[in-house]
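Read top to bottom, the protein sequences are chains S and L. Numbering-wise (the working numbering), the first sequence opens with residue 1 and increments by one. Numbering-wise (the working numbering), the second sequence opens with residue 1 and increments by one.
Note that these hints are calculated values from the structure, not bench results. Each residue gets a CB set at the ideal place from its N, CA and C atoms; glycine is no exception. Warning: the hint list may mix true and false statements.
Under the rule of at most 25 Å between Cα atoms (straight-line distance), these lysine-lysine pairs were calculated in the DSS-like manner [said to hold, decoys possible]:
#, chain 1, residue 1, chain 2, residue 2
1, S, K250, S, K290
2, S, K287, S, K250
3, S, K218, S, K250
4, S, K318, L, K385
5, S, K318, S, K281
6, S, K287, L, K218
7, L, K218, S, K218
8, L, K65, L, K385
Simulated DEER-style distance windows between Cβ atoms [stated by the list, open to error]:
#, chain 1, residue 1, chain 2, residue 2, range
9, L, A287, S, G374, 52 to 62 Å
10, L, P212, S, E231, 18 to 28 Å
11, S, A68, L, E351, 26 to 36 Å
12, L, E209, S, T379, 15 to 25 Å
If you want the ones that stay clear, here's a sample from chain S, every Cβ over 10 Å from chain L, calculated [stated by the list, open to error]:
#, residue
13, T78
14, V91
15, A101
16, L258
17, R275
18, E312
19, H341
20, G388
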Amino acid sequence: MPGALDGVRVLDLSWGIAGPLGVLLLAEQGADVIKVEPPGGDPFRDYSGYAVWNRSRRSVTVDLKQPAGADAFRRLATDADVVVETFRPGVTDRLGIGFDALHELNPRLVYCSCPGYPEGHRFAQRPGYDALVQASSGQQWEQPGWRPGPIFLHMPMPSMGAMFLVPTGILSALIARETTGRGQHVRTSLFQGALLYTTQIWTWVPGADSAFYGTMAKSYPPGVHQEMIFEVAGSEYVHASIMSGLAPVKTQDAILGLPDPSDPEKYMMLSPEERAELTPKRRAAYKLRKRDELIAEFRENNHAIEAIESMEYALGAKGEPHPQLVANQMIATVDDPVLGHTTQVGVPIHLAGTPGAIRGPRPEPGEHNDEIFGELGYTPDEIAAFSGVN
Amino acid sequence: MHALEGVRLIDFGQYLAGPFGPMVIGDLGADVIKVEPVTGDGMRFANQPFFGCQRGKRDIAIDLKSERGHEIALQLVEHADIVHHNMTAGVAVRLGIGYEDCKRVNEDIVYCNTWAYGLEGPLARFGGLDPLYQATAGLEYEQGPVREGNVPNYLRFGMTDTANAMLSVVGCLAALYHQRVTGVGQELWTSLLDGGSMFASDALLVDGEAVPRPRLDKAQTGMDALYRLYETQEGWIQIAAIEDAHWAGLCGALSLPELVDDPRFATRAARAEHRQQLEALLIPRFATRTAIQWTRALDTAGVPNEIAFDSRAGELQHFDADNERLGLVAEYDHPLLGRMRQYGALIDFSETPGLIHGPPPLVGEHTVEILEWLGYAQAEMDELKSQGVVYWPDDDYRWNV
Chain S
1 MPGALDGVRV LDLSWGIAGP LGVLLLAEQG ADVIKVEPPG GDPFRDYSGY
51 AVWNRSRRSV TVDLKQPAGA DAFRRLATDA DVVVETFRPG VTDRLGIGFD
101 ALHELNPRLV YCSCPGYPEG HRFAQRPGYD ALVQASSGQQ WEQPGWRPGP
151 IFLHMPMPSM GAMFLVPTGI LSALIARETT GRGQHVRTSL FQGALLYTTQ
201 IWTWVPGADS AFYGTMAKSY PPGVHQEMIF EVAGSEYVHA SIMSGLAPVK
251 TQDAILGLPD PSDPEKYMML SPEERAELTP KRRAAYKLRK RDELIAEFRE
301 NNHAIEAIES MEYALGAKGE PHPQLVANQM IATVDDPVLG HTTQVGVPIH
351 LAGTPGAIRG PRPEPGEHND EIFGELGYTP DEIAAFSGVN
Chain L
1 MHALEGVRLI DFGQYLAGPF GPMVIGDLGA DVIKVEPVTG DGMRFANQPF
51 FGCQRGKRDI AIDLKSERGH EIALQLVEHA DIVHHNMTAG VAVRLGIGYE
101 DCKRVNEDIV YCNTWAYGLE GPLARFGGLD PLYQATAGLE YEQGPVREGN
151 VPNYLRFGMT DTANAMLSVV GCLAALYHQR VTGVGQELWT SLLDGGSMFA
201 SDALLVDGEA VPRPRLDKAQ TGMDALYRLY ETQEGWIQIA AIEDAHWAGL
251 CGALSLPELV DDPRFATRAA RAEHRQQLEA LLIPRFATRT AIQWTRALDT
301 AGVPNEIAFD SRAGELQHFD ADNERLGLVA EYDHPLLGRM RQYGALIDFS
351 ETPGLIHGPP PLVGEHTVEI LEWLGYAQAE MDELKSQGVV YWPDDDYRWN
401 V
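With the rest of the complex left out, here is chain L (with noise of 0.2 Å):
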């Protein structure tokens, strides 16, 4: 048995935010059915993003805006457990799949809908992309940093979409627990906004004042003179010298003894407050050697320190021997691109694993499976096809992925 296996998760969503919760929640073991305009989900050009936040689906095409799409939408929401998506406001309810449409036709459905902002509010009817909500949570005010002087910095890896997946996939095991212990469904949802604000989550007012918490230092290496990124004679090391023992060790290491008792450095506070003098003597000791030498003589010394490593776009991670041993790294065939590779296992379960059902699905590419599942006869289904209301790849396929 599988994690979540017997779950069934119906996925209305488009572009990355909406559509990578029902992956997660796939790559644990339930069934999830993408349902996807026959126009294509609008992401498709961009390839990475969207193939990290639709493996695993099986995907039906149709155009809910048809009386019969719409039909065949609800038959599959009556065999679900799960609806998601991440529709603007109005929108899901003008198709006829909002919440109260749905629990027409299973009561007992864990309803959710992934917002930008949120459900109501003065911003409520935008939508909005990843960048706008890295804004809201300060990441690129501290990423530049911007109080150095810098320009604002985005970080390219999506973050807010992930975070607002994230929360709603808590959120829909949260209310899908409650409902298989108390047999009631609910409607529930997230936001990017929100979703955003959990990475500040440890900014705080006290009176109104905000509390100074860690900053970036303008070269963008760290934290403190002993929590930052130093370059080496050949790559750049990291250090976490935390503890008074680490501080010890790193002068060994450095062949610095003498800083051990210089009362500049004594105490983590001296430290602190005279980080520049200590990073002008840790600089040109660390350019004389390479970051290999350096992690090793670290190592001997007990002080916490990782190469900084490129892996080559994420190639060499995706092939390293001990993540594919530890189930870390997925591999399948695209039916287009062939041979394909993305993370695998993010958590492992010692009596009910996860299953990675395979790559991301082509435009409708179970759209036939599905339909005779729902008891449509060939002659239907071909109707249906030729009406424009579903759709399944054929020779006219004209998506690139």
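One chain only, chain S, in its complex shape (with noise of 0.2 Å):
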């Protein structure tokens, strides 16, 4: 089966979450992709989702500081179509591998640089870990918890909104090229990755009333989809949807069996007095039942509504993923050359035409050096020598 970026080669020189995440959804898509690492490795090897973000593509290494290294590296650039970085700004160019260098060696080539800030902004030399730009972008002050603060985000928002921009931004060259037969430099940020999430909370308008800022303020309890959060039986929890797109059979509160049962679908239309006053009925009704003879019968009557669980959960840690997960073929198996038999997420992007695939496990560091700077007519030593292997 083709895939949609067949001939697509792309050289990825990035390191953390947002940059190997980015590429590995074109990587599935079928673009051919080459890691290119430092002697020993990218340093994030370590991490907990390592083995998945860096999955779907082969591995060299290059000391990229040593003459002949860059040299090597720009040789591959010669014929790929894209490159993503994610250094500071400025590094690439000082190690001769920045946009302008490789535009003029391959004016085709799409060079995609994702940093913690956008160059030029005043925050763009500073360390640009996830967490900072959680604090600095804004983001750990509107999530309301548990105290009053800024909030820790346990999932990396700004690396998580960066991987959907890195393969957005390239994209959208390889299809510009199309016509201006010419690549360019595209940029983005784990800075703009958190603007990403702003997106549905950060609209200013200065002359509107306080109903526009009504329904999603941020607020202390929390809102109304943190008031759908039941407790049931045996100190779990439910999260039940206010719609679900079908007509419901009986209503959630009469499955619940209270005494005078109102109409959930219109309860994100209540005051937040008429809330007060139905939620202690419903939080002592939803104690009662177990978990998933609840679930079993919301759906039945056509409500919408899952167990909060780990992640691991969903994938099968105690006993059957998610089914519908499963439906959707994105619990994958994957013998990982460290980790051994995995569990993993699929491919989260259906293309029937060209269907999306895992093109293997993340690879061994430098696992393809001789293949890939073979072709390039290097011999065994000249490898070694830039590639840190002896």
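Could you use the hints to bring the two separately framed chains together as a complex?
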């Protein structure tokens, strides 16, 4: 089966989360990705998600600080379609592999940079670890938690925004190249990734009345979606959905056996006072129910509801994996060279004509040095010298 | 030229996860036509989330259930590169705008459906909102964190709407690239469920057993004594003292030099093992000075840190001079609400920049312009409007936005 991105070669210099995971979305739609690591390997190899985020690609090791190493990288870039890098602005220029140098060698090259902050911003030379961008962007102050003040976001939100912007920018530039014949410099950042997740909560309108900001504003206690989390028997939790797109057979409150069932479809429209009156009765009713039985009964009555558990649970750590993730082919087994038999998330973009696929486990550092540099005519001794392998 | 100039997308979506992807594609320079029901998008009441998923589109209001409305929809599809929507199972086919219907009038079309759960399977018939898929991905469980005895904590950023939309953007652009190279279009789909799982893609089982990954503490400050928030005399500071050099610098900046070689904290592994003891020493120290004082001291000592910034619901980012200069802020006038700011370009292109076309449209704001382009005469348009087949704003405009 052909892949949508067959014939697109990507050189992946990136570390961390956003670069490798963004590149993964391209790799599993057919792009030929070569991870370019420093001798000894990517310093993020011990991260928990590394084996997932770096799969479906080959690996070479290159010491870019050696002239011969930088030269070997430039030769690779001469035939590549895309380079992705996540260094602070200016670093690749100093190594002689910046946009200007490579664009001159290969005018069709799309060069994607994703540092912590945009070039030219006063934060550009500050460290770009994910949590620092959560702090500086204002995201931590947006999240209501269980104490006053900023809340640390467990999920690395700036990186998880930038990881979508990286392939979006690259693909847009590849599409433009079909018209212009030229590549270009595509730049995004973790900071811009953080902004992506403010789209639903940060519209500034000075003339708007308070109702404009009302529905989804940060508030204490936290808002309407938090209020639809319920504790059930055995200290477990469910999240019931306000709507499912289906006509309910019985209302949620009728299923719970509440004496005066109101219509929870309209729950979102109730005033805080009305909600406050309804909620304690519901909370008490939920606590009497066993989780999995309640979920089944809700679904039989056309209400959407889910257990609140960990992702490991959804992958099947304590039993069966989530049945719809199975149906979506999102539960993948991968034989990892270090970890062995693993269960990981699958390919989340489903193209019917050119289906995506996992193209192998994460490579060992330099696993493909001889294969890839050999094609360029390097001798084994030359390869060993610039790749740091002895 | 703009990055996606010449690309036209017809957006039949409503609410959030459907429309946001087309907005992103529009920001890259594509012509995005929102086909809105004459009764209005069901999300208009929510103001902010609605605005966050609709800017820059041209809007034509059509009753797709009417024969002539359906005819107009297919005329639009004929002139498009991408069709995009988030209708639940079977709805698009019933309306006569399924993939096969669209392919019949435009063979090379890229056709994308963003679902709640998925194309087929035990829950495919259900729609659903973002919180369900924060639940399935464990986001609420980890953010609580539930294992520390806290209640699950919903993230208020519309996480999985955005993830589903962005997967659809990447999928549509991959399919469009393939179409441009080979001439062959295709159908694709993404889902809220799958989008959510990307956020927890570091979760991994080995031989069916969960592999440990970083966890949040009960007070929701961070993952580790040296990768967390600390409250100061005034304000909070986030530190990321990841490397050994950072550790030495931190001890110096906090005037705790004796800790550097303390065997409890001498190595990264030892510091992780004695997390609580280390935090018990650092918490009172951070409380003795303000966040501004600490950030200067830590910067001097080479310790990565940032003050946790209260942007006042985004306003201070929207008026930040660097953000304005770099195009990270967009300003336009909304026809009813006046001056409006949202974030600007999230991706910068050296040769083909994106293009933020303008504010979120009114219901049917561009109906006349689009029908004229399709060749309709004024009398015909008036007739269609009087029959309720199409709508454009008039004295009778009944929405607040």
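Structure-based check of each hint:
With a CA separation close to 19 Å, the supplied pair K250 (chain S) and K290 (chain S) stays within the 25 Å bound. Restraint check for K287 (chain S) and K250 (chain S): satisfied, since their Cα atoms lie roughly 19 Å apart, inside the 25 Å limit. A hinted pair counts as satisfied when its Cα atoms are at most 25 Å apart, and K218 (chain S) with K250 (chain S) does not qualify at roughly 32 Å. For the suggested pair K318 (chain S) and K385 (chain L), the alpha carbons sit about 57 Å apart, so the restraint of at most 25 Å is broken.
Distance hint between K318 (chain S) and K281 (chain S) is unfulfilled; the C-alpha atoms sit about 32 Å from each other, more than 25 Å. At most 25 Å may separate the alpha-carbon atoms for a hinted pair to count; K287 (chain S) and K218 (chain L) meet this at roughly 23 Å. Distance check on the hinted pair: K218 (chain L) and K218 (chain S) sit about 21 Å apart at the alpha-carbon level, within 25 Å; holds. Using a Cα cut-off of 25 Å, the hinted pair K65 (chain L) and K385 (chain L) holds, with the two alpha carbons roughly 14 Å apart.
Between A287 (chain L) and G374 (chain S) the CB atoms are about 60 Å apart, so this pair conforms to the stated range of 52 to 62 Å. Hint check: P212 (chain L) to E231 (chain S), Cβ distance near 26 Å, so the stated range 18 to 28 Å holds. Here the CB-CB span from A68 (chain S) to E351 (chain L) is close to 32 Å, well matched to the stated 26 to 36 Å. Range check, E209 (chain L) to T379 (chain S): Cβ separation about 45 Å, and the 15 to 25 Å hint is violated.
No Cβ of chain L comes within 10 Å of the Cβ of T78 (chain S); the nearest lies about 19 Å off, and the non-interface call holds. Interface exclusion of V91 (chain S) from chain L stands, the closest Cβ pair being 16 Å apart, more than 10 Å. No beta-carbon of chain L comes within 10 Å of the beta-carbon of A101 (chain S); the shortest separation is about 14 Å. No Cβ of chain L approaches the Cβ of L258 (chain S) within 10 Å, the least distance being about 21 Å, so the stated non-interface status holds.
At roughly 15 Å from the closest C-beta of chain L, the C-beta of R275 (chain S) stays outside 10 Å, upholding its exclusion from the interface. With 10 Å as the threshold on Cβ separation, the claim that E312 (chain S) sits away from chain L is violated: the shortest Cβ distance comes to roughly 4 Å. At roughly 5 Å, the least C-beta separation between H341 (chain S) and chain L is not larger than 10 Å, which violates its mark as non-interface. Annotated as non-interface, G388 (chain S) keeps its C-beta farther than 10 Å from every C-beta of chain L; the closest such distance is 21 Å.
This entry does not satisfy hints 3, 4, 5, 12, 18 and 19, going by the numbered hints stated previously.
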